[in-house]
Amino acid sequence: MLNQYYGDYLTVALFIAVGAILVGGAVGASKLLAPKNPGGFKDVAYESGIEPVGGGWNQSHIRYYIFALMFLIFDVEAVFIFPWAITLDAFQAAGRGVFILVEMFLFILILLSGLLYAIRKGVLKWE
Amino acid sequence: MNFWLELIIKLVAILGFVLTGALVVIYAELKAGSHMQGRIGPYYAGVRWGWAQPLADGLKFLQKEDLSPTGADRTIYGLAPYVVMMSTIAVFVVIPFGPDMVGRDLDLGIYFILAISSLSVLGILMAGWSSANKYSLMGGLRAAAQLIAYELPLVLAAAAVVVQAGTMSMNGIVLAQSETWFTVAGIDVAMPFLLKGQIISFIIFMIAVVAELSRIPFDMPIAESELTMGYLTEYSGIRFTMFFLGEYASMIAFSAIAATLFLGGYAAPGVPDGLANLVGPGVMLLKIALLVFVIIWIRWTWPRLREDQLQRLAWFWLIPIALANIAVVAIFKVVF
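These protein sequences, in sequence, are chains A and B.
Counting in our numbering, the first sequence runs from 744 upward without gaps.
Counting in our numbering, the second sequence runs from 587 upward without gaps.
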């Protein structure tokens, strides 16, 4: 019937759909059961019981952006580590295990020096 | 069996497992936490031992008004719990409870889990941003920074297991752990990866799991004493329940992943191949329960880390150690 490839995608898609249906069903049931009395002060953003000062969208510290950048670099690295880990067996069988090992070490070392640079630059300092 | 019939049975089974599992874990947390602090915990609901407390909570949340603050971005605000729940349920596709008791044994396995589980960061960031509340925004940003920082040790610790197993399929990883490692007095001994040199990966993985769940000691994003409830401040009623349920569901999911990667998954010593599908789910549930208990135990006994300490732990210690760990595992694999 369905081949392996489409079966995989279909299963994942349906599981994700079930997650959405679960939330949708619960929210729908709540719509039926819960009271609805808008107005008053309950829709005002919570700020320790006083009226909120200014808007909700404030400026935030730049460090979060730098964390995101660093994450991107290391996550891409992790993406490369997985195929390497899978092919390790094949390379070893072909007698080139040490070669591929050294290749990966060079890659990891370059990235580690990147982390070291970021630390020396004070990216992770919190003041 | 018919593909569709099988798929529907699996969907219902997983959904039932996730929901009842989450309720059981919530109850376990209420009870275990109380006893660790010399209290009794829920007592009256359900006549004995307060077993119906999570159910009663859920029903009460269902009847509460679903508020959204003025000035909120309502579309995003409404969609955030969907994103969190969808990514959590999708993780269960590849978790094996037996050789055939698996949603779908994808070749990508653990890789798929790591990819899809990090989608929940998006949901949390959506929740924090769309609430138009200062606490929510700060909590959302902290959560995002924390989740991405601990995503890396999580991924790298899993990569070390993949290096040793030589496969990313979750079933393949379980099989790699039930292979005979050595033979003593004619008895074939198989070892889980935890005892085959992956102890450092396991510790890093569990620390990262606790951080990914934003639980104490890593609960800076929802630190009550300074951020009220972080990105959940404005959520009420059923949408809040969905976040709450999602948190406990992903606690089960991450425990199941750790059990599969490090504790041998559904495999147990002395189980004949013919019975693996029958006994497997029970073994797996036991291992999940053990890890869930450890996570609960950590929560009720540790103080909270400060935000900068939390970031330093990830970037200074866990990521370099995880990278070195991969190197050591690879050297052992190639050289010996």
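These are calculated hints, taken from the structure and not from any lab test.
Note that the coordinates shown come from a computational prediction; the quantities given were computed from them, not determined experimentally.
Incorrect hints may appear among the rest.
Stated by the list, open to error - According to the in silico footprint, chain B covers these stretches of chain A (three or more CB under 8 Å from chain B): (1) 759 to 768; (2) 780 to 789; (3) 844 to 850.
Claimed, not checked - The calculated DSSO-like cross-link candidates involving lysine-lysine, where the alpha carbons are at most 27 Å apart (straight line), are: (4) B/LYS617 x A/LYS785; (5) B/LYS919 x B/LYS782; (6) B/LYS646 x A/LYS785; (7) B/LYS646 x A/LYS779; (8) B/LYS646 x B/LYS617; (9) A/LYS779 x B/LYS650; (10) B/LYS617 x B/LYS650; (11) B/LYS646 x A/LYS774; (12) A/LYS774 x B/LYS617; (13) A/LYS785 x A/LYS774.
Claimed, not checked - Using C-beta positions, here's what the derived DEER-type ranges look like: (14) A/VAL841 x B/GLU810: 50 to 56 Å; (15) A/TYR860 x B/TRP637: 50 to 56 Å; (16) A/SER856 x B/LYS646: 53 to 59 Å; (17) A/SER856 x B/GLY860: 49 to 55 Å; (18) B/GLU651 x A/ASP832: 56 to 62 Å; (19) B/GLY624 x A/ILE816: 44 to 50 Å; (20) A/GLN802 x B/LEU872: 24 to 30 Å; (21) A/ASP786 x B/TYR629: 31 to 37 Å; (22) A/ILE816 x B/PHE589: 49 to 55 Å; (23) B/GLY860 x A/ALA811: 47 to 53 Å; (24) A/ILE853 x B/LEU761: 32 to 38 Å; (25) A/THR830 x B/GLY860: 20 to 26 Å.
No residue lacks a Cβ here, since even glycine has one placed at the ideal position from N, Cα and C.
Now the hints, each set against the structure:
1. Closer than 8 Å: that is the beta-carbon criterion, and the stretch 759 to 768 of chain A has 7 residues meeting it against chain B, so the requirement of 3 holds.
2. Evaluation of the coverage hint for the stretch 780 to 789 of chain A: fulfilled, as 6 residues show C-beta separations to chain B shorter than 8 Å, against a requirement of three.
3. Check on the stretch 844 to 850 of chain A: 3 of its residues sit with their Cβ under 8 Å from a Cβ of chain B, so the three-residue criterion for coverage holds.
4. About 33 Å separates the Cα atoms of B/LYS617 and A/LYS785, which puts this hinted pair outside 27 Å; it is violated.
5. The suggested pairing of B/LYS919 with B/LYS782 holds, with an alpha-carbon distance near 11 Å, which does not exceed 27 Å.
6. Pair hint B/LYS646 plus A/LYS785 holds up; C-alpha atoms about 19 Å apart against a cutoff of 27 Å.
7. The hinted pair formed by B/LYS646 and A/LYS779 meets the criterion: a straight-line CA distance of about 15 Å does not exceed 27 Å.
8. Under the criterion of a C-alpha separation no larger than 27 Å, the hint pairing B/LYS646 with B/LYS617 is consistent with the structure, at around 20 Å.
9. A hinted pair counts as satisfied when its Cα atoms are at most 27 Å apart, and A/LYS779 with B/LYS650 qualifies at roughly 9 Å.
10. For the given pair, B/LYS617 sits about 25 Å from B/LYS650 by alpha-carbon distance, which is consistent with the 27 Å threshold.
11. Restraint check for B/LYS646 and A/LYS774: satisfied, since their Cα atoms lie roughly 13 Å apart, inside the 27 Å limit.
12. Annotation: proposed proximity of A/LYS774 to B/LYS617 is violated, straight-line Cα distance about 31 Å (limit 27 Å).
13. For the hint linking A/LYS785 to A/LYS774, the alpha-carbon distance of about 18 Å falls within 27 Å, and the restraint holds.
14. Here the CB-CB span from A/VAL841 to B/GLU810 is close to 53 Å, well matched to the stated 50 to 56 Å.
15. As the Cβ distance of A/TYR860 to B/TRP637 is approximately 55 Å, the hint placing it in 50 to 56 Å holds.
16. The supplied range of 53 to 59 Å is met by A/SER856 and B/LYS646, whose beta-carbon atoms lie about 55 Å from each other.
17. Checking the proposed 49 to 55 Å range against A/SER856 and B/GLY860 shows it holds: the Cβ atoms sit about 53 Å from each other.
18. In this structure the supplied range 56 to 62 Å holds for B/GLU651 paired with A/ASP832, their Cβ-Cβ distance being about 58 Å.
19. Look at B/GLY624 against A/ILE816: about 47 Å separates their beta carbons, and that is inside 44 to 50 Å.
20. Distance hint check: the CB atoms of A/GLN802 and B/LEU872 are about 50 Å apart, inconsistent with the given range 24 to 30 Å.
21. With their beta carbons about 36 Å apart, A/ASP786 and B/TYR629 fall inside the hinted range of 31 to 37 Å.
22. Distance hint for A/ILE816 and B/PHE589: a CB-CB separation of about 41 Å, inconsistent with the stated range 49 to 55 Å.
23. A beta carbon spacing of about 51 Å between B/GLY860 and A/ALA811 agrees with the range 47 to 53 Å that was offered as a hint.
24. Here the CB-CB span from A/ILE853 to B/LEU761 is close to 35 Å, well matched to the stated 32 to 38 Å.
25. For A/THR830 paired with B/GLY860, a C-beta distance near 34 Å fails the hint of 20 to 26 Å.
Against the hints set out earlier in the document, violations occur for numbers 4, 12, 20, 22 and 25.
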